[in-house]
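Chemist: Please build the complex by placing chain B on the supplied structure of chain A, with the hints as guidance.
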Amino acid sequence: MNRWLAAGGLLIAGLIMFSFGSAGAWGGADAVAGEKVELIDPTYEPWFESLWTPPSSEIETLLFSLQAAIGGIVIGYLIGRTSTRESSSDLL
Amino acid sequence: MHIIEGFLPGFWALVWFGIATPVVSYGTLKTARLVKSDSINKSHGAVAAAFIFVLSALKIPSVTGSTSHPTGTGISVVLFGPAITAFLSTIVLLYQALLLGHGGLTTLGANVTSMGIVGPLFGWLVFRSLRPYVDLQKATFAAAVVANWTTYLVTSLQLGAAFPTEAGIGGIVDATLTFAGVFSVTQIPVGIVEGALAAGLIGYIAMSNESVRNRLQVTA
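Protein chains in written order, with numbering that gives the first Met the number 0: chain A, 0 to 91; chain B, 0 to 219.
In isolation and in its complexed conformation, chain A is listed as follows (with noise of 0.2 angstroms):
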């Protein structure tokens, strides 16, 4: 029931998400808190600058999903550990 239920909750998140985007856009919501710095007070300029942004969308990405991959490989393996070595005492 519990399962049915989340998976219930994910479906409407997920909807909501996706109806109602305006098309194009999907920018970060840093970048949209960003311009409305520059709405409130236009008069202020950025004082650093990242030391090295990567330099096309697609590296960009890439370094998004190396960051995924690495934190979703870590958490198979140690939970994949984890459960083994439970079973493994049980056994004993």
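The hints are simulated quantities; they were obtained by calculation from the structure and are not laboratory data.
Hints are not guaranteed to be accurate.
Stated by the list, open to error - Here are some chain A residues pointing at chain B (derived, C-beta under 8 angstroms):
1. P53
2. E59
3. Q66
4. A67
5. G70
Note that the structure is a prediction, hence the values are computed from the model and not measured.
Cβ coordinates follow ideal geometry from the N, Cα and C atoms, glycine included.
Modeler: What follows is chain B alone, placed relative to chain A:
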């Protein structure tokens, strides 16, 4: 969403660094103790860090046609509390600031304060308050959702304090509400998704490990 590099005036950047530094230092000491403890704790520390790593890499499209990402702090909050979460979040935020140009070094103090300290603190309080009354997964769901939403409320407050619409408290409140309005449409569903993922993972961890079940008072 993190505050972009250079988008906080120097004064506010220093204020948030001043708040974040002692908490992260304490979290670093606690993490060092965790690493020296038994291997199960060490493994779960790595899983909690990895969960932050994975979720904060996911750019999820949302209502306004913009994207945002979960914070991923829920597992760490539930397993280890806010101090260790502050340290783990700092590592992820540094990675993103240095290698992805996402967030920034000058805004690191503010981003750590929102995502690594205040959000997790509220999530942890919710978890501790609810846990005696609801099962582990429901309490974790609530903790992760609250940690996510609080993070973005604090970010709104940080931007509102730095860029008030007019002088005085009223201007700060007005600007904070403006920024919160920008984030809320994105973060409300993202927070719910994050809560569901955290609840699923903590359920699996608890199911597979007796020491976690005991520590988190799972009886069935």
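Chemist: Next step is simple, just say for each hint if it's right about the structure.
Modeler: Right, here's what the structure says about each hint:
1. P53: holds (6 angstroms)
2. E59: Cβ of E59/A sits 6 angstroms from chain B, so the hint holds.
3. Q66: holds (4 angstroms)
4. A67: Because about 4 angstroms separates A67/A from the closest Cβ in chain B, which is inside the 8 angstroms limit, the hint holds.
5. G70: holds (3 angstroms)
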